[in-house]
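Trainee: Sequence:
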Amino acid sequence: MHIRHVAIRNLRALEDIDCPLGPRINVIVGPNGIGKTTILQALRLTKALLAPRTQGETQQVLVSLGAASPHFPQRVFLNSLARDPSRQIEVRATFELTQPEIATLQMSLPALVQSLVSSRIGQAFANPTALIAFLQSPAGEQARAAAQTELRGP
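Everything in the sequence shown is counted per this note's numbering, starting at 9 for the first residue and increasing by one.
Do not take every clue at face value.
FRET-style restraints, in silico, Cβ to Cβ [unchecked claim]:
(1) 23 <-> 113: 17 to 23 Å
(2) 85 <-> 111: 39 to 45 Å
(3) 144 <-> 88: 42 to 48 Å
(4) 147 <-> 62: 15 to 21 Å
(5) 64 <-> 157: 27 to 33 Å
(6) 57 <-> 10: 29 to 35 Å
(7) 65 <-> 159: 18 to 24 Å
(8) 112 <-> 12: 16 to 22 Å
(9) 37 <-> 15: 18 to 24 Å
(10) 153 <-> 65: 36 to 42 Å
(11) 160 <-> 12: 17 to 23 Å
Hints are computed from structural coordinates only; laboratory data are not their basis. In this text, a Cβ means the ideal position worked out from N, Cα and C, and glycines have one as well.
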């Protein structure tokens, strides 16, 4: 997978960038304080918010960027990240998957659907039989069908 395009608005030193990226190596150059590292931080923040790999990843990234305090984890200070606090922060990225990556995801679809449903209902199923019972219920079947439709896309 590689990142094909990045658009960032109102984040730290970056007012508005819209940058296509090549499939191989991309080099970002410029003087200090222009926003080179901010591009990487924007991608890291977006990934941590949308797809954290660990339970504490989102909080860890927010603390490292100065947008949260380790002492008050429930408080988020997004204004500390904004170039102009009166405007919204926007980070968009377009990714391209290779055919083998797409095949792997398609083979993993049942597990991805189950994981998505489990995470959306907001319950930690310590007992796998409780999750199986829910997934076999009418509400679980409906949730699985919706998740599968969403993951398959148009």
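Trainee: Provide an ascending list of the numbers of those earlier hints which the structure does not satisfy.
Mentor: 1, 4, 6 and 10
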